[in-house]
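Modelling step: build the complete structure from the supplied sequences, incorporating the hints.
Counted from 1, the sequence shown has number 276 at position 276 by my numbering; the numbering is strictly sequential.
Note that these hints are calculated values from the structure, not bench results.
Remember, predicted model here, so these are calculated numbers, not experimental data.
Derived pair list, reagent style DSS-like, types lysine-lysine, alpha-carbon separation capped at 25 Å:
1. Lys16 <-> Lys72
2. Lys88 <-> Lys149
3. Lys110 <-> Lys72
4. Lys16 <-> Lys39
5. Lys120 <-> Lys39
6. Lys203 <-> Lys16
7. Lys203 <-> Lys257
8. Lys72 <-> Lys23
9. Lys88 <-> Lys16
10. Lys19 <-> Lys35
11. Lys35 <-> Lys110
12. Lys29 <-> Lys16
13. Lys16 <-> Lys35
14. Lys149 <-> Lys203
15. Lys88 <-> Lys257
16. Lys110 <-> Lys29
17. Lys149 <-> Lys110
18. Lys110 <-> Lys39
19. Lys23 <-> Lys35
20. Lys203 <-> Lys88
21. Lys35 <-> Lys149
22. Lys35 <-> Lys88
23. Lys72 <-> Lys35
24. Lys72 <-> Lys149
25. Lys110 <-> Lys120
26. Lys16 <-> Lys149
27. Lys23 <-> Lys88
28. Lys39 <-> Lys88
29. Lys72 <-> Lys39
30. Lys281 <-> Lys302
31. Lys35 <-> Lys120
32. Lys39 <-> Lys23
33. Lys257 <-> Lys179
34. Lys88 <-> Lys19
35. Lys281 <-> Lys179
36. Lys110 <-> Lys16
37. Lys88 <-> Lys110
38. Lys29 <-> Lys39
39. Lys120 <-> Lys72
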Amino acid sequence: PATQNIFFDTLPFQLKAIKGIPKEFVFDKTIIGIKIRNKSLTQLSFNNNILQVESTTAGRTGLEITTSDNLKYYVGLRIDNADGSVPKLPDYVAVGSVSEDIDDDVNFYKNGIDNVNDLKNNRMDVRYTYVNGGPLIGWNTWQPDRVLKFARNSVQLGLTPYFIFYNIPDGGESYTTNKEHIQSADYMNAYFVNLNLFIDQAKEILGDEYFGIILEPDFLGYNQQNNEPTTMTTAVSETTVADGAGTLLTLVNRINKTINDRRVQDGLNLEFGWQLNLWAKPNVAGIRGIIRETDTGIFQTKLTAIEQTANDILQYGMNVGIMSNSADFVSIDKYGLDALGYSNASDPADPSSY
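Put into structure tokens, the structure is as follows:
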């Protein structure tokens, strides 16, 4: 098997092997215990100071290694594809959770690996956070290492990092605030500087590791609610940023182009897409949201209305350019109405909030 020497004092964030090729990691301390978040990924064995990894599946997971001096170490494990390429999301539906880098959030993953009872094991695939607050008073001012720390911890925990880039609004967010910002050349110039800073920091930690970017929740939803056309005036054209220079379409295209150009130029292993909202189309649903419209009335009629609403929301996004410049996916946000828009009764049998 392939062999790699590892020193705990300089433990990398991630160990790497290749699908179908056994690999031995030779440590400088005796190993007395191993836990793995995703047991289905690989076969692990250890003897004295040697950890052997053999996998027929590509993917990533997190390890907890206990040494003979009773110290615990946490490190990611990535199994690359047989051709050496880096795996992306798994071939099943990936599950993820929002997370900060405070001790409680990080320790949830570190302390929650249970290889005895799978029902207690906190196995997940994706960890996501918001990169938010706007380019002038946002994340890079109150937590300048936010992206660096999140990327580092995600890799170390064996989780795929996804970043919600949410900077068209700043300290507050609304249709009016967003409109003011996208029509301001000063704000949008700062926005693109901020977007590139974010990508620079992700690249610094992640290298060839796969990561995702979800763009600007609520922004397009507000515009669709207010029937804004693709020709809505913005400060961003395809090539310049100046007051009145562009439209909503050229703004979305320019953001996509900026990310895709960085992906190509820097060889980044990323995927990106815009977030749409199920509440975006106006005047089609009550306070429980469009998905709950089948609770009353004629089922098939309401189901047809749901399908049409979904098509209309997607079509609006397509019209404003969300899939331009090789964008990879569309994200859907449903939680706003479900979590905040309706107060559930105390009776657990009441299904009104789910």
